[in-house]
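Residues in the sequence shown are numbered from 1 upward in steps of one, following this note's numbering.
Wrong hints could be hidden among the right ones.
Using 25 Å as the maximum straight-line C-alpha spacing, the simulated SDA-like pairs for lysine to any residue come out as follows [claimed, not checked]:
no., residue 1, residue 2
1, 536, 525
2, 670, 681
3, 670, 615
For each label pair, taking beta carbons as the anchor points, the in silico distance ranges come out as [to be verified]:
no., residue 1, residue 2, range
4, 578, 251, 51 to 61 Å
5, 431, 359, 50 to 60 Å
6, 657, 45, 56 to 66 Å
7, 613, 479, 22 to 32 Å
8, 710, 251, 52 to 62 Å
9, 64, 727, 43 to 53 Å
10, 676, 343, 26 to 36 Å
11, 344, 38, 16 to 26 Å
12, 732, 532, 18 to 28 Å
13, 414, 251, 47 to 57 Å
14, 624, 540, 25 to 35 Å
Honestly, the hints are just simulated from the structure, not real lab data. Ideal placement from N, C-alpha and C gives every residue a C-beta, glycine not left out.
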Amino acid sequence: MQSKIDTNHHFVTLALPIPIHKEFIYRIPEALSAYVSVGKRILVPFGRRITAGYAVGFPKESDTAGINDIKYIIDVLDDKPIFDESRLEFYKWMSLYYFSPLGEVLKLIHLPQSDKRYFAITDMGIESLQKSLKDSEADILKVIAGKKSVSLKVISKYTRIKDLHSIICELLEKGLIAELSNTKDSIKDKETALEQGDLDDEEDILHEPNTEQSYAISRIAEKVKSQRFSPFLLYGVTGSGKTLVYLKVLEKTIDMGKRGIVLVPEIALTYGLARYLVKRFEDRVAVIHSGLSDKERYEQWRRIRDGNIDIVVGARSSLFVPLDNIGIIIVDEEHDTSYKQEEGVRYNARDISMMMAKILNIVVVLGSATPSVETFYNAKSSKISLLHLSMRVLDRPMPEIKIVDMKEKSQESKILSERFRSLLADALSKKQQAILFLNRRGFANFIICKDCGYVFKCLNCNVSMTFHKKQNIIKCHYCDLSMPVPSFCPQCNGYNIVDMGTGTEKVEEEIRRLFSDVKVVRMDRDTTRKKGAHKKILRTVEKGEADILIGTQMVAKGHHFSNVTVMGIISADTTMNIPDFRSAEKTFQILTQAAGRAGRGDIPGKVIIQTLNPHHYCFFSIMNHDYTSFFNEEIGKRKELNYPPFYRLVNLRIEGSKEDKVIKAANTLKRVADGYIGRFKGDIILLGPAPTFLSFLRGRYRWHMLVKGKNVKTLHDFIHSIKNRFEQNKMTGIELVIDVDPMTTM
Numbered sequence: 001m002q003s004k005i006d007t008n009h010h011f012v013t014l015a016l017p018i019p020i021h022k023e024f025i026y027r028i029p030e031a032l033s034a035y036v037s038v039g040k041r042i043l044v045p046f047g048r049r050i051t052a053g054y055a056v057g058f059p060k061e062s063d064t065a066g067i068n069d070i071k072y073i074i075d076v077l078d079d080k081p082i083f084d085e086s087r088l089e090f091y092k093w094m095s096l097y098y099f100s101p102l103g104e105v106l107k108l109i110h111l112p113q114s115d116k117r118y119f120a121i122t123d124m125g126i127e128s129l130q131k132s133l134k135d136s137e138a139d140i141l142k143v144i145a146g147k148k149s150v151s152l153k154v155i156s157k158y159t160r161i162k163d164l165h166s167i168i169c170e171l172l173e174k175g176l177i178a179e180l181s182n183t184k185d186s187i188k189d190k191e192t193a194l195e196q197g198d199l200d201d202e203e204d205i206l207h208e209p210n211t212e213q214s215y216a217i218s219r220i221a222e223k224v225k226s227q228r229f230s231p232f233l234l235y236g237v238t239g240s241g242k243t244l245v246y247l248k249v250l251e252k253t254i255d256m257g258k259r260g261i262v263l264v265p266e267i268a269l270t271y272g273l274a275r276y277l278v279k280r281f282e283d284r285v286a287v288i289h290s291g292l293s294d295k296e297r298y299e300q301w302r303r304i305r306d307g308n309i310d311i312v313v314g315a316r317s318s319l320f321v322p323l324d325n326i327g328i329i330i331v332d333e334e335h336d337t338s339y340k341q342e343e344g345v346r347y348n349a350r351d352i353s354m355m356m357a358k359i360l361n362i363v364v365v366l367g368s369a370t371p372s373v374e375t376f377y378n379a380k381s382s383k384i385s386l387l388h389l390s391m392r393v394l395d396r397p398m399p400e401i402k403i404v405d406m407k408e409k410s411q412e413s414k415i416l417s418e419r420f421r422s423l424l425a426d427a428l429s430k431k432q433q434a435i436l437f438l439n440r441r442g443f444a445n446f447i448i449c450k451d452c453g454y455v456f457k458c459l460n461c462n463v464s465m466t467f468h469k470k471q472n473i474i475k476c477h478y479c480d481l482s483m484p485v486p487s488f489c490p491q492c493n494g495y496n497i498v499d500m501g502t503g504t505e506k507v508e509e510e511i512r513r514l515f516s517d518v519k520v521v522r523m524d525r526d527t528t529r530k531k532g533a534h535k536k537i538l539r540t541v542e543k544g545e546a547d548i549l550i551g552t553q554m555v556a557k558g559h560h561f562s563n564v565t566v567m568g569i570i571s572a573d574t575t576m577n578i579p580d581f582r583s584a585e586k587t588f589q590i591l592t593q594a595a596g597r598a599g600r601g602d603i604p605g606k607v608i609i610q611t612l613n614p615h616h617y618c619f620f621s622i623m624n625h626d627y628t629s630f631f632n633e634e635i636g637k638r639k640e641l642n643y644p645p646f647y648r649l650v651n652l653r654i655e656g657s658k659e660d661k662v663i664k665a666a667n668t669l670k671r672v673a674d675g676y677i678g679r680f681k682g683d684i685i686l687l688g689p690a691p692t693f694l695s696f697l698r699g700r701y702r703w704h705m706l707v708k709g710k711n712v713k714t715l716h717d718f719i720h721s722i723k724n725r726f727e728q729n730k731m732t733g734i735e736l737v738i739d740v741d742p743m744t745t746m
């Protein structure tokens, strides 16, 4: 409940959610002065509109002296702060590190719509209607009286009170109204949250910890108890029981009176981990993901804010919930590129978890079977404590991995090699399950006119459009533009149009042709658009109601299917051929994770990797389950080419709708950079400018310049210098995008 505070502040400093690196001062009317504090949202006039800003401090008297036209705030929107001083320090660090306005960073807290709040009048409130009340209080009580519940939106509509939120807080504090839960309290009862069901793999996950797991649990718990910043890398082979370590550590953390945040890279992984957490901690768990409605999201957020939650599990946005008294942050699959936000504030949830833990003096655990090169390097350099789980649980063997060279004549023009078809048929005959992984959705990569060679491309992005056979459309996977499959070529008017390449939809068709009596499900973005689709598909496989699961990277990580004995990696070269310094690392990670889905039950697993480049060191490391050899090969190349972890990167991208303006701006940026680089004594390296790999995307032309720096301070000083100088040119229609620690340089 909001409480009044003793303060003589007449002004408040606000960060507004706008793309301007500036904070704004507003005047506080006497009626609201008791409710304003750092961490609350404040409704204010800004230009011709009304917006909500974030209170980040109070100005000095000298900052407001002699200024008479400072505008008044309108209302205080929160009864409790949504962040404290420690979190504000963290958000200010994010603002500086990622070159983003503080208001844009605070916007990441993303409170669900507050008009979904519901209120009811109390007995005391009914009695007070007969007494003397402020007009505004009486108006609100009259709207609520006689009704089971009334939403904030309805109250606002019928009262039209400007400072409505503050008066609502006053009524709550006096006990004249009560806020109601708008969904059932228990997460287990929510249709859209989790279906707990029977945990078929409970024996594999919730067994007694082995020696390595016990050591990891005790080391982490010891540091949680010490209440000091302690970063760990929990490096364990696929199937080694990292989930059990998480559960036991969280249990000990809660026993110490602390709370925890568990991050997973995507929604499909939320369900599996959250089911175990809910089984153990029941309704003290909140699940945050994009599949929740605003109503459900607000209820989860409210339960967290009110102290009714001990564990928050979800995707990267879970870091910004108002969870107090945190003792540990766990980042599962820490290597995953999904932790990097590519729009707005371009943060990496793994990296900011480290800084949040440092500021809050808590433990952070990075878990992975395939750690990022930078994380493993930091562990080897003793910047992070390394905990190693070297064996699978219950002494189960690692899957046997074979590589098939698809250049061989016997394999030409085939989606599935003879070896894989034979292996799959044998598994199906024994009532075992299989997964087929291809990180490319749709039916075919593109369609082409065989008469003249014309490839159908997206008008907005200048990339080939993917053929989706079931819908009979071609679609751009970057901007979602789609159109019916053309019947003739617009260049030569020919009718000889064919599809080329393979996607998950074509693999599904091929499987149904070869094995007509098997049950097949497909899991990719096309089949998981509907709410609850991820959960439904995963449960179908868990229950044995599907023989084969086909999918993109959604099927390759984090899932535990005890009856899956075969994994087929259809085209291992998909990520290898991307012109990016991380391409080998990403290939190793996704294929190792995919291979790890096989043989997690009583029957050993077998994996086939189909590739056109069978002698690449990446595939040999995967086949031998040898992360260390891959790391040693990769780290040597990184050092030679001045890439992370030896140099830090910032990708500067110029975007605009006019190509000539973009090229001119890119060259201007280079001249500005050249003018400053001499001051940094060889600690800065510039590459470019040049067109990006996707040089025309969503209607905008794109050029970039890659900046390498030996350390963070040098790099940031350089970027600040050229950013400020470049922006003085005031080029209309041009945007400078600053991507710190980019996951891709494309």
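Here is what the structure says about each hint:
no.: 1; hint: 536 - 525; result: 14 Å, holds
no.: 2; hint: 670 - 681; result: 18 Å, holds
no.: 3; hint: 670 - 615; result: 40 Å, violated
no.: 4; hint: 578 - 251: 51 to 61 Å; result: 41 Å, violated
no.: 5; hint: 431 - 359: 50 to 60 Å; result: 53 Å, holds
no.: 6; hint: 657 - 45: 56 to 66 Å; result: 32 Å, violated
no.: 7; hint: 613 - 479: 22 to 32 Å; result: 31 Å, holds
no.: 8; hint: 710 - 251: 52 to 62 Å; result: 43 Å, violated
no.: 9; hint: 64 - 727: 43 to 53 Å; result: 28 Å, violated
no.: 10; hint: 676 - 343: 26 to 36 Å; result: 28 Å, holds
no.: 11; hint: 344 - 38: 16 to 26 Å; result: 24 Å, holds
no.: 12; hint: 732 - 532: 18 to 28 Å; result: 46 Å, violated
no.: 13; hint: 414 - 251: 47 to 57 Å; result: 50 Å, holds
no.: 14; hint: 624 - 540: 25 to 35 Å; result: 34 Å, holds
Hints 3, 4, 6, 8, 9, 12 from the earlier list are contradicted by this structure; the remaining hints agree with it.
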